[in-house]
Every structure is written in C-alpha cells, then in structure tokens.
Amino acid sequence: MKKKRMSSEARKQLRLLPGHIIVGIWCAFTLLMLLWIVCASLSTSPEIMKGQAMLFKSGLHFDNYVRAWSLNSISTYFMNSLVYGLISMVASVLISAPAAYVLARCVFKGNTTIKSSFVVAMSIPQIMIVMPLFSAAVRTGLSNSKIVLLILYTGMALPYTTTFLTAFFTNQSKVYEEAAAIDGATPMQTFWKIMFPLAQPGLVTVSIFNFMNVWNEYFLSMIFASSQKTMTVGPGLKSVLTAMQYTGDWGGLFAAVVIVFLPTLLIFIFLSRTIINGITAGGIKG
Amino acid sequence: MKQDKKMIVCFLAPLMIFFVGLYIYPIVRTIIMSFYHVEAISDPISTWSFVGLYNFKELLNTTIFRQSMINMIKIWLMGGVAVMFFAILFAVILTSGVKAKNFYRAVIYIPNIVNAVAISTMWINFVYNKRFGLLHTFFKWIGANNLAKMDYMNGTAKFYSLLVAFCFGSVGYFMLIVMSGIEQLPGDMYEAATIDGATKPKQFRYITLPLLNGVLKTCLTFWTIAVIGFFVWSQMWSAPLPSDVATITPVVYMYNLAFGSLANAARDGGMAAAVGVLMTLVVLVVFQVLNLIFKKDDVEI
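Quick note, the sequences are listed as chains A and B, same order. All the letters of the first sequence, read from the start, carry residue numbers 1 to 286 under our numbering. All the letters of the second sequence, read from the start, carry residue numbers 1 to 301 under our numbering.
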C-alpha cells in the first residue's frame with residue numbers, strides 16, 4: 001500500500017517529464033559544448049583531429065594555456081578588456097546615477113523627452129553613429145589610444161544605465177530625503193551621502209551588466225582599435241584564431257577561447273540570479 | 001528651489017554632454033553625409049559634394065547590398081519564428097513548476113554571456129567541423145556516410161549553419177523576457193475569472209494571450225534590433241575572408257564600405273552613411289508595424 005502512494009511532488013514532476021526532457025536535451029548540448037572546448041584546450045592537435053579530444057590519451061596539456069597566453073598576445077587583449085570594462089563600468093555609473101536621480105525625482109521641462117530619447121538611442125543601429133565618431137577620433141589624433149574606446153564604452157552604456165537607474169530611484173522611498181532635509185542637508189549632499197549608497201543593489205546589477213557587455217563587445221573594438229595595444233578580446237581572439245589555424249596549433253587555439261570566455265562565465269556562475277533579474281527588469285521596461 | 005535647479009543642471013550636464021556628443025551629433029552628421037559623395041569618412045566637410053539621393057539609388061541597385069538585405073530578412077523571419085517558438089516553449093515549461101528551474105534557466109542563458117567570437121568558434125569546430133565535428137561523428141556513427149561528408153561551412157549549408165548557431169544562443173534571452181511576463185501574471189486574476197464562470201480556454205484567450213501579446217511585442221522589438229546589428233557572426237562565418245556573399249549582412253557591407261576591408265569594393269563614406277540611414281528607416285518601419293499589430297489587447301506589464 002505504502003509503495004503505491006507516491007508523494008504529490010514526485011507525481012507532479014513525472015507529469016512534467018516531457019518538459020524535463022526537452023529542456024534537458026537543450027541544456028545537455030550547451031554543457032557538452034563547453035565541456036568539449038575545455039577538454040580540447042587540454043589536448044594535443046592530433047588528438048583533436050582524430051576526434052579524441054575528450055580521452056586525454058597523452059595526459060593533460062596545460063602548456064596549451066601557457067602558449068596561448070604568452071605567445072599570441074591574448075594576455076594583452078585580456079588586460080585591455082579588463083581596463084576598458086572596469087573603468088567604463090565605474091564611469092558610466094558615476095555619470096548616470098546623479099542624472100537618473102534627477103530624472104526620477106525632479107519635475108522640470110523636458111524630463112520625459114530626455115527619458116524617451118534614451119529609449120530611442122538604445123534602438124538606433126550603431127552604424128548610424130560610428131562614422132562621424134571615427135572621423136573625430138582621426139582628426140583629434142586619438143585614434144591609436146585607449147581613450148577613444150574608453151569614452152565610447154562609457155557612452156554606449158549610458159542610455160541603458162540611466163533608464164535602469166531611473167526606474168530604480170523612482171521605486172525608492174522618499175522618507176530618507178525628507179529626514180535629511182529636516183536635518184538641513186542640501187539636495188546634492190543628500191544624494192551623494194544617502195541615496196547613492198542606498199542604491200547599491202541597483203548599481204551593482206547594472207555595473208556587472210555593463211562590464212560583461214564591454215567584455216563581449218566586438219563591433220566598436222573592430223573599428224576603433226587599430227593595433228594590438230588597444231584591441232579587446234573579441235577581435236583579438238579572432239586574429240589569434242586566424243593565426244593559429246595556419247600554424248595548426250588547435251590545442252592552443254581552444255585554450256585561447258577558454259581564456260576569453262572564462263571571466264564572464266565565472267561571473268555568471270556566481271551571480272546568475274542578480275544578472276537574470278537585472279535583464280528581465282531592464283528588458284520589460286525598455 | 002534654487003538648490004534644486006542647481007542640482008538638476010549639475011547632475012544632468014555630464015550625461016547630456018555625452019549624449020549630444022556620442023548620439024545626436026553623429027546621427028545628424030551621418031544623415032547629412034548620406035546625401036553627399038564622401039570618399040574617406042575622415043575627409044573634411046569642405047571636400048564633400050552634394051549628390052541628392054544618388055547614394056540610395058546606387059545602393060539599391062548593388063547586387064551585394066541586395067543580397068545582404070535578403071540575408072538579413074531571412075535571418076529575421078526564419079530565425080525569428082524559431083527563436084520565439086523555443087523561447088515561449090521553454091518559458092512555459094520552466095514556469096510550469098519543474099524542479100531545477102533556476103539551473104535550466106541559467107544554462108539556457110549561458111550562450112548570451114559568452115563572447116560571440118568564442119561561442120561561434122565552438123560551433124564551427126565542435127559541431128560543424130567536417131573532420132571531427134559532432135554532426136560528422138553522429139552521421140558516421142549511424143552509417144549515413146553521405147551526410148557525414150557534408151561541409152557545413154560551404155555552399156548553401158553555410159547560411160543555415162550560421163542561422164542555427166545564432167538562434168540557439170538567442171533563445172535564452174527571449175525566454176527570460178517571456179518567463180518574467182508569465183510570472184508577473186497575477187494568479188488571483190484566474191481565480192476571479194473562474195468564480196465569474198470563465199472557462200479555461202476563455203481564460204487563455206482573454207487573460208494569457210493579451211499578456212503574451214505585450215511580451216511578444218517586446219521580444220520582436222529586441223529581435224529586430226539584434227538582427228539589424230548582425231555583424232560578428234557573419235564575420236566569423238566568412239573568416240578568413242572579411243565577408244562572404246552567403247552570409248553578408250548590411251552592417252558587414254557598410255563596414256567594408258566605410259572602413260575598407262581588403263576584399264570588397266572601393267571605400268565610399270556617403271554610401272556607407274546611406275546604409276545606416278536605410279537601416280534606421282527599417283527599424284522605424286518595423287516598430288510602427290509592431291505598434292499597429294499589437295495595439296489591440298495590449299497589456300502594460
């Protein structure tokens with residue numbers, strides 16, 4: 001008698017089995033692809049060619065990583081992307097947060113126009129803006145320095161960051177500001193000392209998001225980074241791939257791929273809930 | 001009050017400077033440029049010569065550009081149907097109360113957080129490689145030798161191998177949007193409807209569908225933006241060449257025109273600007289059409 005009485009939860013999951021299978025296959029494929037590339041990055045080129053990348057017949061080849069990191073300037077691209085990502089992440093929040101606060105709290109002419117122009121800016125194709133900016137970079141003689149991409153990455157993050165933070169500040173209670181006003185703090189002091197620190201959860205979410213966007217960015221880097229010195233991991237990895245395909249160093253090639261995707265993957269593994277919540281919040285509003 | 005005005009100006013000024021410099025100025029200049037003959041994009045304005053609508057006419061008569069538009073429309077239509085289908089399917093499955101929902105959701109989303117160059121390298125080698133790829137191994141294993149010999153990176157298969165890889169990665173993002181739409185659906189609305197005597201099909205028709213309508217509009221808006229900007233995948237599939245007729249898109253074509261790749265036609269800044277203006281018009285038209293289609297039954301969420 002007892003055997004027959006399955007828990008209701010187990011019965012429910014059994015009923016949902018087709019769903020589990022469909023989603024499971026999709027996930028298994030994704031994970032297998034990631035696993036394969038990690039295995040291939042630890043194998044030798046002949047092993048990969050024979051389709052035995054996951055068997056490790058000659059052991060683990062960590063030297064692939066050493067080669068990819070030092071010989072093929074992946075390290076330079078990696079550090080560049082890190083610098084672009086971190087600086088533009090901080091800069092865009094410092095520029096957007098005060099503006100978003102004003103847009104959320106103050107009533108003034110043009111408020112809604114500004115807000116909706118950011119939404120428009122997010123849907124304008126980037127090809128509409130790159131040419132005049134490129135021409136400006138050439139004319140100012142900055143085209144071969146990191147400053148150009150730093151400014152661009154900061155600027156490209158602003159419409160989304162501002163929209164996201166405006167929604168965030170709109171939902172915050174006004175109690176703190178009222179209390180601060182009674183204590184005689186000016187509105188600006190109130191923002192920097194009270195509201196900005198209070199907005200920390202929103203600031204963190206949008207910063208992670210901006211960092212990952214810069215890390216995965218390709219189009220702008222392709223146009224504005226003309227040399228190894230300024231290039232990011234996207235176009236950098238592509239040039240490494242081209243070079244390594246000719247030398248036939250498949251192990252090193254896949255090691256370079258792993259080096260490039262590992263940072264964002266690790267961030268995602270540790271902060272997936274924050275990131276996913278941020279995307280849905282921004283996605284629905286945008 | 002004076003304090004307030006000072007704060008509004010101080011807090012907004014840096015953002016507006018960036019916005020004018022990085023969006024408004026370039027957009028205006030690109031629009032003007034599209035009516036001029038401009039050889040190199042960094043040429044000073046004094047060397048530009050007015051040509052009216054010539055750039056646009058010439059562009060629409062260029063075979064490669066037309067091909068790039070056809071490719072883009074194919075990606076939008078075929079990819080759009082597939083991506084929305086899987087996104088809605090997965091969203092419905094994951095909100096039906098399955099265990100390990102968060103795990104599934106995160107794994108399906110992974111392709112979106114990995115650098116596109118890295119993820120396309122995985123596809124090209126792990127799945128499509130004709131010597132050791134998954135498809136090759138699979139077809140060889142089941143004895144379909146003809147299929148095993150297939151080269152997915154050439155001929156007609158090339159476009160579809162690109163489409164499948166791109167769409168596979170896109171599903172996760174749209175699934176998240178649909179999921180959050182379904183989750184925001186108030187459960188008590190169904191309860192109230194049941195008390196009022198609405199049948200299940202009626203509830204789906206009058207509650208779930210209007211909601212999905214709004215979500216679908218959001219999804220199609222983002223899908224359109226993503227497809228218009230289609231660049232890196234196209235470049236990866238045409239490597240080591242800068243572009244390839246089978247996978248070229250308007251942005252790639254524009255890139256070749258403006259920033260002069262080795263393979264394609266001469267540099268032409270005016271023409272490249274015209275591509276940009278045309279693409280912006282396409283976005284605007286699509287948004288208008290979406291607004292018309294989804295006007296009815298639209299629900300704010």
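It should be emphasised that the hints constitute simulated quantities derived from the structure, not laboratory data. Since the structure is predicted, the reported quantities are computational estimates derived from the model, not experimental observations. For every residue, glycine included, the Cβ atom is placed at its ideal position computed from N, Cα and C. A few of these clues could be false.
Part of the chain A face toward chain B, derived, beta carbon under 10 Å [what the hints assert, rightly or not]:
1) 24
2) 30
3) 66
4) 69
5) 70
6) 71
7) 82
8) 106
9) 116
10) 150
11) 151
12) 162
13) 176
14) 179
15) 218
16) 248
The calculated lysine-lysine pairs, modelled on BS3-like cross-linking and capped at a C-alpha distance of 27 Å, are [as the list claims (entries may be wrong)]:
17) B:74 with B:202
18) B:295 with B:74
19) A:115 with B:202
20) A:174 with B:202
So, going through the hints one by one against the coordinates:
Residue-level restraint check for residue 24 of chain A holds (minimum Cβ-Cβ distance to chain B is 8 Å; threshold 10 Å). Residue-level restraint check for residue 30 of chain A holds (minimum Cβ-Cβ distance to chain B is 5 Å; threshold 10 Å). Annotation: interface hint on residue 66 of chain A violated; nearest CB of chain B at approximately 19 Å, more than 10 Å. Interface restraint check: residue 69 of chain A against chain B, minimum CB-CB distance 15 Å, threshold 10 Å, status violated.
Interface restraint check: residue 70 of chain A against chain B, minimum CB-CB distance 19 Å, threshold 10 Å, status violated. Hint status for residue 71 of chain A relative to chain B: violated, with the closest Cβ pair at about 18 Å, above 10 Å. Restraint check, residue 82 of chain A versus chain B: the minimum CB separation of about 13 Å is more than 10 Å; hint violated. The beta carbon of residue 106 of chain A comes within 5 Å of a beta carbon in chain B, closer than 10 Å, and the hint placing it at the interface holds.
About 13 Å separates the beta-carbon of residue 116 of chain A from the nearest beta-carbon of chain B, more than 10 Å, and the hint is not met. About 12 Å separates the beta-carbon of residue 150 of chain A from the nearest beta-carbon of chain B, more than 10 Å, and the hint is not met. With a cut of 10 Å, the hint placing residue 151 of chain A at the interface with chain B holds, because the nearest CB-to-CB distance is about 8 Å. Interface hint at residue 162 of chain A: satisfied, since its Cβ lies 6 Å from the closest Cβ of chain B, which is below the 10 Å cut-off.
Against a cut-off of 10 Å between C-beta atoms, the interface hint on residue 176 of chain A is violated, since the closest Cβ of chain B lies about 16 Å away. Look at residue 179 of chain A: its Cβ only gets to about 17 Å from chain B, farther than 10 Å, so that hint breaks. Hint status for residue 218 of chain A relative to chain B: holds, with the closest Cβ pair at about 4 Å, below 10 Å. The beta carbon of residue 248 of chain A is not positioned within 10 Å of any beta carbon in chain B (closest approach about 13 Å), and the interface hint is therefore violated.
Only pairs whose Cα atoms come within 27 Å are accepted, and residue 74 of chain B paired with residue 202 of chain B is rejected, the gap being roughly 35 Å. Taken as a hint, the residue 295 of chain B and residue 74 of chain B pair is honoured in the structure, with Cα atoms around 26 Å apart against an allowance of 27 Å. Simply put, residue 115 of chain A and residue 202 of chain B have alpha-carbon atoms about 38 Å apart, too far for the 27 Å limit, and the pair is violated. Between residue 174 of chain A and residue 202 of chain B the CA atoms are separated by roughly 42 Å; this puts the pair beyond 27 Å, and the hint is violated.
Comparing the model with each numbered hint stated earlier shows that hints 3, 4, 5, 6, 7, 9, 10, 13, 14, 16, 17, 19, 20 do not hold.
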